[in-house]
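Sequences listed follow chains A and B, in order. Throughout the first sequence, residue numbering follows this note's numbering, covering 1 to 337 in sequence. Throughout the second sequence, residue numbering follows this note's numbering, covering 1001 to 1392 in sequence.
It should be emphasised that the hints constitute simulated quantities derived from the structure, not laboratory data. Treat the hints with care, since some could be wrong.
[What the hints assert, rightly or not] No farther apart than 20 Å at their CA atoms in a straight line, the calculated lysine to any residue pairs in the SDA-like style are these: (1) K306(A) x E1246(B); (2) K306(A) x D1254(B); (3) K306(A) x T1244(B); (4) K306(A) x P1363(B); (5) K306(A) x R1389(B); (6) K306(A) x R1291(B); (7) K306(A) x P1354(B); (8) K19(A) x H89(A).
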Amino acid sequence: MTRILITHADEPIGRRIVKNLYHDPEVEIIFALGSGPPPRKFDAYLAGSEPRVTYTRLDHAKHRPVHDLFHSAAFRAADVDTVVYVPRHGAGASASTPLVGGLSERTAESRLLLQQCLETRAIRNLVAIGSAFVYRLPPGNANHLSEDSELNFDPNVMPEVRAWIDSDMIFHNEVNNDRLRVVLLRVPTVVAAGGYVYLHPSLAGRPGSRVRALGFDPICALVSDKDVARAVRAATRTPVSGIFNIAGEEAVPLSMLARWTGHTTIPVPGPLLGLVDATERALGIESRLGAGGGAHLRYGFTLDTKRAAEELGFRSQYRIGLARAGDGALRLETASV
Amino acid sequence: MSEIGPPQSVEDIADPLAAQGRALGHDPFDDLVGTDPLTERLDQLEARGGPESRPRTRSAPRRKLTAAPPIGARSSAPQKTASPDENRPGSDNLARLTRRRWSTTPARAEIELPPPKGLIDRLLNPDERRILAALAHLVEGEAPYDRFGYSPEVMKRTFLLFHTLYRLYFRVRSEGHEHIPAEGPAVLAGNHGGLLPFDAAMAVIDIALETDPPRLARTIVDRWAGSLPWVNLFYARVGQVVGTRENFAKLLQDGQLLLVFPEGIEGIRKTIAHRYRLQAFRVGFIENALRARAPIVPVAFIGSDDQSPILFDIKPLARSLGIPVAPITPTFPWFGPLGLLPYPVSYRIVYGEPLRYHERFGPDGADDSRLVRYLANQVRRAVQLLIDRNRQ
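Okay, chain A solo, but in the shape it has when bound (with noise of 0.2 Å):
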C-alpha cells in the first residue's frame, strides 16, 4: 500500500491525478497540497471520518510553510513514501511575477520539495512532472524528441521556458540517488476535456491573441489530462528512476491547436519577434515569447516515448480531437479508445 503526497492539487492536472490515485486500491492515503480552497469535487474524497484524503492549503514556494508541513504531526502519522510533484500550470514561472529568493516560482517550488523529500527518510519515491518543452529544438516544422535529446540552454529562452529548464535539472540531478528514487515524466501540450490546455508557452491560459511567427507552424505534440495521471499512476508502482516521456498519439500544428482553443493568432515575421517581446516587457505583459522570440513558435516537436512504454508500461489511451459538445459548439475533447 502507498501513502503519497501531491502538490498543486487544487489545479486541474492535479485534480485528475487525485481522482485516478483515489481509485487505485494501492493507494492507502493521498495527501493532497493546494494554494487555494480544496476544489468542489474533493467534497466526495474529503467526506466521512477517516477519509482517504486529505487536503491542506500551502504557498508551494515559500520555506517555512514547506518546512513546517513536513515536521508537523499529521504528515508524520500519513507516513508518506510517495511525493507526486505536480507542477503550476499558470504563468507562475513569468517575468511578471515576483521572483522567490531570486528564483523563479516554478524553480522555487521544486528545490524546495526536493530537499524536503531528500531529508525525510520516510519518503522513498518522487514522482515529477516536468515539460517537454525543456528540449533544445532544432530547425524543422516537427522534430522527434527523445530523453537524451539535448536541453535548450540557450540564454534567451523565454523565461517561462527557463523555469522549466531549472526546475527540469533540479531533479535531473537526483535520478541516481541510491534511497530517493527520482521519477521525471516530460509532457508535451495537456490537454483537458472542454477544450482547456496546459504547459504550453503560448497557448496556456485564457483564450485571447497570441503572436505566432510568420511562415510557420509548428507541430504540438498534445497529450491528454487522463493520460498524464496514468503515467503518474505507472511511475508511482513501477521500481524504476529516471526521465520519461510522455506523449499522446496526436500531433497537431500550433494553428489549429490555436484554433481549437478559442485562440487567434497574430503571424509576426520572425525578425520582429524579439521586437514584440521587448515591447510587451516594456509595457508590463507577461512575455510569451523570451528575447530569442521564441523557437517553439517556429520549431516544433513530438515524443518518442519508447522508454516509457518499455519500463513504465505507459502507452496513451486517450484520443484528441474535435467533437461537438451538448450546445452545438465544436470543442477540443479526449476520448478513450
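Fit chain B to the given chain A structure using the hints.
Quick look at chain B alone, frame taken from chain A:
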C-alpha cells in the same frame, strides 16, 4: 588493379584515395574494385554479432479499404488499446504493446474511391486518386497530420502539379523499381544536383506511381531548409523531414522509405566541371540503416546536375549571407529568381540492387566508425557506378 593494404588509421579508411594522394573526381573507385581493406575486421564483427536475420516482415491481412475520409473529419480505424492490466510491466503483453507496427499503405486495388469532390479530384485520374488515398493511410489518429507534419490534403494538390512536371517538363524515365522494398524500412541513397531539389520531387512522384502498395518516399532535408519560412511548412506537409538523428531513426523504426542525399549541401554546390562526380558521403545514414536493419538502395539521378549548371560558386558571399551556395549560372542572377528555375532537361532515375549491410554486420556495426565510413564509401561507389553506366 592495385592492392590497398590494411588501414593504418581512421583517416585511411575515411578516404582511401586521399591516402594515395589522388584527387577526387577522376574515376575514384576503380582502385577499390576487388579489394576489401576491412575484411578481417568485418569478419571479426560478424563473428561477434552473428549474421542478422532479414527484417521482420508483417503480412497484414488483406481487407477491402475505402479512401480516407475527408480531412478534419476522419475518425481512425478502431485500434487495439491497452487495458490497465496490460500496461503493467512484466505483463506478457508488454512486448506486443511496445512493438511499433509499421506504417503501411493498402494496395491500389483495395481502395474503393468515393465520387470525386472538388476540382482537384476531378483533375486527378482514378489511379492517381487511388495512390493518394493509399498514402493518406499513413496518417493515424484523430489529427489530419502525421507526427512529422505530413498532410494528405496538401499532398493531393502538390501531386497534381509535380506529376505534370514529371510527365511533361522533365519527361522522367525510370527503371529498377523492383529493387525498392515493398514494405518495411529502407534507405534510398542518391546523388544530389540542381539548385532546387527537383530530383527529390521527381523521385517521390516516381516511387508513388511505380510501387504498389504505393510508398511515400520521405526525403531527409537539410536543417537549413527547416529554418526557412514557408519552405519548412511545404516540405513537412508533403512528407519531407529535417535530417536529425532522432527523426531518421524514428522513420525507419516505423518502417518508412527514406530518400537521402548523403553528399548533403556539397552536392548542389558542384560546378559544371564536377557534375556527376560524387562528393564525400556523410555516414549518418549508414549508422541508422544498420541500427534499423534497413537495406540501402543506391539511386542514380541523371539530369539533375544539368537542370541548373553552376558556373561559379561565390563561397565568401554565401558565407556572409548565411546561405549554402551563391551560384552563378547561365541564367542566375541575370534573370532574377526566375533564373533559378530548372531547364527542361530529361530526367532518368535508376534504382540499383539493395545493399543489405545489416544482414552481415547487424546493429552493432553502427558503433564502429571505421566500418561505417567504409560502408559509406561503398555506397558512394555503387551510386557512382550506376551514374556512369546510365549516363549516355
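So, going through the hints one by one against the coordinates:
no. : hint               : result
1   : K306(A) x E1246(B) : holds (12 Å)
2   : K306(A) x D1254(B) : holds (12 Å)
3   : K306(A) x T1244(B) : holds (18 Å)
4   : K306(A) x P1363(B) : holds (18 Å)
5   : K306(A) x R1389(B) : violated (44 Å)
6   : K306(A) x R1291(B) : holds (16 Å)
7   : K306(A) x P1354(B) : violated (29 Å)
8   : K19(A) x H89(A)    : holds (18 Å)
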